[in-house]
Structures are given as structure tokens and as C-alpha cells.
Amino acid sequence: MPGIYVSQKLPNGIKLHFLPTNKFKTISIGIFIHQELSSELAALSALLPSVLEKGCRLYPDYLTLQRKLENLYGADLSTDIIKSGERHTLAFTLETAHDRYLGENSNLLGEGLAILSAVLTDPLLENDAFSEKYVKQEKNQLIKDIKALLNDKATYATERCLSEMCAGERFGVFRLGKIEDYGKINPAGLYQYYKQLIARNPVDIYVVGDLDEQAVLDTVEGYFNFSRAENEADLPGAELKGVRSEQLSLEEQMAVNQAKLVLGYRTATGFKDELHCALLVYSGILGGFPHSKLFMKVREEAGLAYYIHSRLERHKGLMLISAGINHEDHEQARAIIELQLSDMAAGKISDTELENTKRGLINQLLSRQDSPSQLISFHLDGRIGGYNYSFEQLIEGIEKVSLTEIKAVAERIKLDTSFLLRPAEGGERSDG
Amino acid sequence: MAELFKLIENKILQEKLYHFRVDPGMDLYVLPRPGYRKKYAIFSTRFGSTDNKFRIEPEQDFTDLPDGVAHFLEHKLFEDERGNVFDRFAALGASANAYTSFNQTTYLFSCTERFTENFKVLLDFVQEPYFTEQTVQKEQGIIGQEIKMYDDHPHWRVFFNLLESLYQAHPVRNDIAGTVESISRITPELLYLCYNTFYHPSNMAVFVVGDLNPQQVYSLTAENLAAKNYGPLGAIVRSFPAEPSEVLKRRVEQQLVVSEPLIFIGYKDIAVEHLKGRELMRREILMELVLDILFGTSEKLYNDLYRDDLIDENFGADYTAESNYGYVMIGGETKDPDRLCERIMGAIEIMNKEGINEEQFERHRRKILGGYIRRFNSLEFIANNFLAYRFRETDLFELPSILQEIKLEEVLALAAENLAPQRHAVSLILPAGEN
Chain A
1 MPGIYVSQKL
11 PNGIKLHFLP
21 TNKFKTISIG
31 IFIHQELSSE
41 LAALSALLPS
51 VLEKGCRLYP
61 DYLTLQRKLE
71 NLYGADLSTD
81 IIKSGERHTL
91 AFTLETAHDR
101 YLGENSNLLG
111 EGLAILSAVL
121 TDPLLENDAF
131 SEKYVKQEKN
141 QLIKDIKALL
151 NDKATYATER
161 CLSEMCAGER
171 FGVFRLGKIE
181 DYGKINPAGL
191 YQYYKQLIAR
201 NPVDIYVVGD
211 LDEQAVLDTV
221 EGYFNFSRAE
231 NEADLPGAEL
241 KGVRSEQLSL
251 EEQMAVNQAK
261 LVLGYRTATG
271 FKDELHCALL
281 VYSGILGGFP
291 HSKLFMKVRE
301 EAGLAYYIHS
311 RLERHKGLML
321 ISAGINHEDH
331 EQARAIIELQ
341 LSDMAAGKIS
351 DTELENTKRG
361 LINQLLSRQD
371 SPSQLISFHL
381 DGRIGGYNYS
391 FEQLIEGIEK
401 VSLTEIKAVA
411 ERIKLDTSFL
421 LRPAEGGERS
431 DG
Chain B
1 MAELFKLIEN
11 KILQEKLYHF
21 RVDPGMDLYV
31 LPRPGYRKKY
41 AIFSTRFGST
51 DNKFRIEPEQ
61 DFTDLPDGVA
71 HFLEHKLFED
81 ERGNVFDRFA
91 ALGASANAYT
101 SFNQTTYLFS
111 CTERFTENFK
121 VLLDFVQEPY
131 FTEQTVQKEQ
141 GIIGQEIKMY
151 DDHPHWRVFF
161 NLLESLYQAH
171 PVRNDIAGTV
181 ESISRITPEL
191 LYLCYNTFYH
201 PSNMAVFVVG
211 DLNPQQVYSL
221 TAENLAAKNY
231 GPLGAIVRSF
241 PAEPSEVLKR
251 RVEQQLVVSE
261 PLIFIGYKDI
271 AVEHLKGREL
281 MRREILMELV
291 LDILFGTSEK
301 LYNDLYRDDL
311 IDENFGADYT
321 AESNYGYVMI
331 GGETKDPDRL
341 CERIMGAIEI
351 MNKEGINEEQ
361 FERHRRKILG
371 GYIRRFNSLE
381 FIANNFLAYR
391 FRETDLFELP
401 SILQEIKLEE
411 VLALAAENLA
421 PQRHAVSLIL
431 PAGEN
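Protein sequence lines correspond, in order, to chains A and B. So the first sequence is numbered by the numbering used here: it starts at 1 and just counts up by one. So the second sequence is numbered by the numbering used here: it starts at 1 and just counts up by one.
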């Protein structure tokens with residue numbers, strides 16, 4: 001049965017989660033280091049994976065590392081920084097083809113783990129500091145990435161809405177931190193931060209593939225037995241806040257063709273809340289699918305939008321509605337959206353809407369079992385949220401959701417902040 | 001009932017694919033994938049945005065289409081007298097969608113339960129057109145928003161601006177969705193005309209992948225098509241304008257709200273129209289090697305450009321080869337497009353002079369093979385790509401054997417031929433308000 005992890009703790013406190021399955025053509029490995037999301041640490045945490053990847057003692061430059069990976073049949077190593085609720089997670093993933101398709105005596109699990117271990121635990125150092133060259137270079141790249149948020153207007157509008165809505169909360173911190181934070185980082189300070197992080201912060205290692213359990217344990221333990229602090233850092237969970245006393249309504253003008261409307265709601269329902277599944281169903285009925293109210297009313301009936309949907313930030317209990325519309329239509333679109341929310345609160349939900357949404361959510365859940373990265377992120381989400389739901393539990397929970405529970409969720413949901421990115425008047429560009 | 005099928009085996013992937021021929025002349029492919037929860041099916045027609053002038057034998061007169069009809073038709077098939085097709089899939093727990101490319105329109109669903117019923121919905125809705133004045137009009141509003149969304153999208157704009165510069169006449173230079181003006185000329189009659197031409201099963205194919213029994217999928221398909229009583233359809237004759245080998249414009253610029261300039265350098269491939277089947281695919285694999293050896297993350301150029309702050313991690317190059325057009329595109333965001341362009345063209349020149357070595361060739365060959373195997377985790381990748389290759393008379397499963405037989409000298413020869421400076425064009429997106 002896929003979806004069942006064998007989890008164990010290594011002597012140094014690192015958690016290993018192995019999922020044996022023969023249905024994939026790959027071996028997938030993921031290493032995740034957890035940190036709290038905070039404005040002081042965000043840039044440090046975002047910068048670290050890139051600096052580590054660009055050069056380690058064994059592969060002192062990116063070219064050498066990439067050649068090594070190519071010789072392992074194009075193994076794919078990537079690093080990332082994930083913002084999930086008020087958690088900031090450094091991610092190192094490696095995927096290779098499984099040995100059985102390559103017809104030679106290879107040991108791709110061992111080779112893959114060796115590379116990850118080299119990158120993560122054996123960095124390139126100069127006088128008790130990271131390489132100055134790489135720190136400078138990656139700082140510059142991350143600053144470019146922060147500026148590049150502007151390039152995708154839908155993402156830009158979403159992030160602007162969230163940062164204003166959650167200003168003053170940890171969640172309001174952007175995934176890559178702020179540009180000015182990077183000016184304060186130096187190679188020695190970053191190295192100190194790194195040493196503390198890998199010694200004290202929770203680490204999860206995932207392995208998914210057709211492999212022997214003992215071999216996986218032995219190999220992972222062999223490569224990741226560095227010494228760590230007795231006590232792991234205890235990271236705070238996401239804090240759920242109520243809505244502000246007066247709704248915040250923001251607009252920004254830009255030289256664009258299409259307006260983007262983003263509405264930010266607080267659901268007061270967190271990851272472990274007993275109404276968690278009811279919230280999933282609520283957002284699904286409202287705007288999670290092409291059969292949902294928002295898509296049917298705003299797009300199919302009124303023809304106002306090409307995309308319109310609602311999405312949840314499940315750890316922080318936020319719901320965002322996003323749409324791309326003509327600026328002239330934004331009040332009409334807004335009125336239709338608000339009518340859908342009040343219909344939901346009044347329990348105007350057909351049996352078909354309820355049933356179809358449950359089927360759709362369950363289909364999404366089961367489909368995640370067909371992708372190694374989805375299997376990993378599903379479990380990792382539980383690690384971050386402080387509770388590992390099983391697929392069966394969530395499916396059962398979704399099946400059981402009643403109209404009464406959805407109405408209870410609807411009562412909790414309150415609009416906090418709206419953001420409208422609109423075409424600049426007279427076609428001129430003006431910065432908001 | 002035992003039906004005739006052709007079994008296509010791939011030893012490297014350890015996959016078995018069942019190929020059926022369904023009356024009246026449709027190809028059906030079934031790839032069993034034991035252990036997968038999801039079942040994924042696509043129903044695809046050889047009708048894309050570039051098929052804008054055609055006739056059916058024995059007629060002699062060609063029909064000219066406004067831009068964006070194939071994509072418009074795709075949207076409209078989701079609505080019929082009974083309402084919205086998404087609802088029918090939703091009631092069966094499936095997730096449905098569709099996409100239109102230059103050469104095909106594809107309808108799809110994935111589900112983890114009630115496959116048979118979902119599969120019937122897919123086959124039925126694609127075979128039941130319903131176009132009225134009113135529904136066509138409403139869709140003009142929705143697609144108008146889709147076009148506006150892409151108008152604000154720097155990567156989409158840099159891509160189409162480049163195609164418009166590379167090509168003088170070929171319809172690949174036109175946006176798949178058309179323009180607000182071109183779609184205003186679409187009528188229900190026009191949609192029916194296109195439907196009755198391109199949606200005949202002999203112009204279509206189905207690919208299904210998942211934990212399934214191939215014979216059962218065949219029976220379902222055969223019964224479904226038989227009930228529709230198709231008559232024969234004359235051969236579809238497409239007409240494409242003669243495309244000169246010269247590019248239209250050397251350089252095109254557009255201003256958008258972006259953080260940094262965005263550059264794509266394109267090379268027009270003028271040899272593809274003489275190639276078919278395996279030869280076309282061989283060219284594609286060779287070009288993939290050329291581009292990876294030139295611009296890949298393991299090579300000196302990429303690392304020098306990154307160090308010199310001329311590129312970021314999204315820099316890349318790729319090649320597209322269809323039966324009557326082909327192009328290379330190289331690029332990404334950069335603070336200094338002119339210097340980046342110079343370095344790229346310089347590197348191509350150096351490769352042509354100095355060649356490549358055996359170690360590089362082998363290493364990149366390994367990388368392509370490994371990447372190919374890894375992608376077979378994804379049911380969507382398999383189905384979508386298999387039919388896309390099939391429609392240009394090539395076979396996705398042949399990649400490993402072609403990769404094995406190609407020679408280093410071929411890679412070099414193709415680089416010299418296909419990255420010729422006289423057939424290049426440059427497309428730039430510049431930050432609005434600056435410059």
C-alpha cells in the first residue's frame with residue numbers, strides 16, 4: 001500500500017522517513033531543515049541552500065557538481081526555501097533514475113546520498129567562513145529574485161495582499177526576506193548561522209523508491225551521522241489571528257492590461273482544527289474547482305474572468321480569492337464573489353455541489369500518491385503542521401463533512417484585506 | 001472478444017504499450033501502469049492554431065480561418081445543451097481540462113475512481129458539438145480575458161515576439177488564442193465547419209494510461225464510436241504559405257513592467273520541412289545534445305555567464321521541431337542583453353571551430369537518457385508526449401535507441417548548420433519607463 005512511511009530517528013535526532021514502493025522509475029530523496037519564519041532570519045535561511053549548492057569541499061564549484069550529477073544519468077539536485085504557515089524550511093532534493101533501468105551495477109541511492117551529504121554537511125570554507133565569492137554572488141541572485149516578483153502579476157498581487165494583510169505577523173515575511181536584509185549578511189555570520197541550524201533545528205530526510213529498508217537506513221545513517229545538540233530547537237506553530245477591526249482596501253496602479261483582484265480572508269481554522277476537513281470542503285465548493293460557485297458564476301455565467309479561484313493557506317488558516325478581470329468589471333465581479341460567500345454562509349449549497357466537491361478533493365488526495373515529490377510534500381506538510389494525517393484519515397474526514405459544519409466554518413470566515421492591481425490611468429506607469 | 005492490437009515494447013523503460021485501430025480509423029493507445037491510483041486519458045485531434053487554411057477532398061476551395069479558432073473551439077466543446085461538461089466529470093470525481101497548441105487540441109481527464117463512466121463522458125462530449133450565437137458571444141469575453149492575461153506575461157510575449165520576427169508568413173507566428181479582434185469574427189457556423197472537418201475520428205487519437213485492462217478500454221472505445229455512425233471523410237488538405245528562409249526582423253523590442261530585461265535569441269530551422277518520422281526525431285535529439293553541450297549547467301559558458309551576473313538559474317535553451325517549422329530558442333533574464341547575446345553567439349562560433357570532446361558527448365547523452373526515464377513517472381508526460389510525437393509521425397519510445405546510435409560528428413555538423421547567424425533573431429522585453 002503506497003503512502004505508508006517507515007519512520008525512524010537516527011542517533012543524532014534526524015528523522016528518516018522511508019517509503020518503499022516499486023511503482024516509480026526513480027529514487028527520490030528529500031532533506032528538509034526546519035526553521036521558524038521570522039524577519040530576522042528569513043534572508044539567512046533563503047540564502048543558505050544556494051550558497052551550499054554552489055560549492056562544497058568535494059565539489060568546489062557548480063560546474064564540477066553538475067558534471068558529477070550528469071554522470072549519474074542526469075540526477076537532478078535542487079535546493080529551495082519553502083514558506084509554509086509560519087515555518088521556513090530549507091529543502092535539498094535529489095532524484096535519479098532507478099538502477100534497474102540502467103542495466104549496470106550502479107548504486108544510485110548511495111551516490112545520491114553522498115552528494116547530498118557533501119553539499120549539506122561538508123561546505124567549502126575559507127577561514128571559518130563560507131566562500132566570500134559565492135556568498136556575494138548568491139546574495140545578488142536572491143536580490144534579483146525578490147525584484148522579479150514583479151514579473152508575474154498574479155503572484156505579485158497575491159504577495160502584496162498577504163504582506164499587507166499580515167504586516168506585523170511572522171507570516172507577513174516574504175519567502176526570500178527583504179532586499180535590505182542581504183546587506184547585513186557576511187560569509188562568517190552565515191557560516192555561524194549554518195552551524196547552529198544543522199546542529200539544533202529539526203531535520204527530516206525522505207527516501208522514496210524500490211529499495212531495501214535496512215540498506216536505506218544504513219546508508220542514510222552512514223552519511224548523516226554528524227553530531228548534533230542534545231535538544232532540538234522547539235519551533236512555534238503558526239499563530240491564528242482574528243480580522244482587523246476595519247477592513248483594509250488597497251489599490252495599486254501599474255502599466256498592465258488586466259486587473260488582478262485578490263481578497264484575503266481569515267478562517268480562524270488551523271491545520272489541527274476539528275473543522276479542518278470542513279474548511280477544505282468549504283473552499284472547494286466556493287472556488288477550488290471548475291464546478292465551484294466562483295468559476296460557474298463569475299466565469300461561466302457572467303463571462304468576466306478567465307481565471308478565478310479560492311486557495312487555502314492551511315497552516316495559517318487563510319483563504320485567498322484571486323481573479324483576473326477588466327478593471328471596469330471589478331465592482332460587478334466583487335459583488336458576485338460576495339454573493340457566493342453569503343450563499344455559502346446561508347447554507348445555499350446543493351447536494352451536488354457538496355458531493356462533487358468531496359469527490360474532487362478525494363481524487364486530488366489519491367492522485368498525490370502517484371508522484372514521489374507529492375508523497376514527500378504530503379508527509380512534510382504534516383511535520384510542519386504538527387500532525388501527520390494519513391490519506392485514509394483525511395478521506396474519511398472529508399466524506400463526513402456535513403452542511404452544518406460548513407455553515408460553522410462559514411461563520412468563522414471574515415474578509416480582512418482586499419488588493420486590486422489595476423491598469424494605470426492614461427496608460428502611464430506609476431509605482432504604487 | 002479478442003481484438004487485434006500491436007504490442008509496442010520498450011526494453012529500457014520496461015513498458016508495454018497496446019496500439020489498437022478503432023473504426024472509423026482512429027488510433028487508440030493503452031499503457032497499463034499497475035499500482036497507480038490515477039487513470040489518465042486524453043482525446044486529441046490534429047487541429048491546432050497553425051491549421052488555418054484547409055479543404056477536404058474532393059472539394060477544391062480552401063477555407064481561411066481567423067486566428068484562434070482551434071482554441072476557441074476547445075473552450076466551446078465544454079458546453080452543450082445539457083450544460084457544463086465540467087459538472088459531469090465532477091459528479092464522477094474526475095478532474096478535466098484541455099489545451100490547444102500549434103498542432104493539436106487535447107481534451108483530458110484524470111480520475112481515481114469510476115474510470116469507465118468518466119471515459120465515456122470524455123468520448124461523448126468531444127463528439128457532441130453545440131455552438132450557438134449566445135454561447136459564442138459569452139466565450140469572446142472569457143477568452144478576451146485570457147488574451148489580456150498573456151499580454152501581461154513577459155515570457156509569453158518574448159516568445160511570440162520572437163516567432164513573429166523569425167517567421168514571415170507561417171501561422172506559427174500568430175498567438176494560439178488569436179486576438180480580441182480575430183476572435184470577434186468567430187461564428188457558430190465557422191466552428192461547425194471546423195468541427196466537422198477536424199473532429200472526425202480518423203483525424204484523432206486516444207491515449208489512456210493507468211492500472212487498466214487494454215482490451216476493456218478498446219471495447220469501450222469501439223462501442224462508443226460505432227454508435228455515432230460516422231461516414232467516411234475525405235482527406236484533409238492543409239495549406240501553408242511559402243516561408244522564406246530569411247527571418248522577418250533581426251530584432252524586436254517591447255516594454256513591459258519587469259524587473260530586468262528579458263532576452264530570447266531564436267534560430268529558424270529551415271530543414272525540418274523535408275524531414276519526417278524517425279529523421280525528425282533524430283534531429284530533435286541531436287539538437288537537444290547540441291544545446292545542452294553549449295548552454296548546459298555543467299559547461300563553462302553557463303558558469304561563466306552566471307559568475308559574470310549575466311544570467312540567472314532560469315537561463316536555458318530548447319528546440320522545437322514540427323513537420324513544417326522548427327526553431328531554437330535561447331535566453332532568460334539579464335541586466336545586459338547585448339553582452340549576453342554577444343557571448344552566446346561567440347560560444348556557438350567557438351564550438352563550430354573547436355568542436356566537442358568524447359567525454360562531453362557521453363556525459364550529456366547519459367543525462368538525456370536519465371531524464372527521459374525519470375519523466376516516465378508522470379502519466380501526463382507519457383500520454384501528452386506520446387500523442388504529440390505520434391502526430392508528427394515519430395515515436396516517443398524510440399528515444400533510447402536513437403540516442404544510442406547518434407555520433408559526435410553529427411552533433412557538430414548540426415550545430416554548424418542549424419545555428420547559422422543569418423537565420424537568427426532577437427526578442428527583448430525591456431522594463432517599462434526605463435530606456
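It is possible that some hints are incorrect.
Claimed, not checked - In silico DMTMM-like pairs for lysine to aspartate or glutamate, Cα to Cα no more than 25 Å straight-line:
1) A:144 with B:304
2) B:335 with A:180
3) A:133 with B:313
4) A:9 with A:145
5) B:300 with A:180
6) B:335 with A:212
Since the hints were derived computationally from the structure, they do not count as laboratory data.
Here is how each hint holds up against the structure:
Proposed proximity of residue 144 of chain A and residue 304 of chain B is supported: the alpha carbons are some 18 Å apart, at most 25 Å. A distance of roughly 20 Å separates the Cα atoms of residue 335 of chain B and residue 180 of chain A; the hinted pair therefore holds under the 25 Å criterion. Of the pairs offered as hints, the one joining residue 133 of chain A and residue 313 of chain B holds, with about 17 Å between alpha carbons and a cut-off of 25 Å not exceeded. Between the alpha carbons of residue 9 of chain A and residue 145 of chain A the distance comes to roughly 36 Å, so the proposed pair goes past 25 Å and is violated.
Between residue 300 of chain B and residue 180 of chain A, the direct Cα distance comes to roughly 32 Å. Violation of the 25 Å bound is thereby established for this hinted pair. Between residue 335 of chain B and residue 212 of chain A the alpha-carbon distance is near 49 Å, which puts this suggested pair outside the 25 Å criterion.
Of the hints listed earlier, those the structure fails to meet are numbers 4, 5 and 6, in rising order.
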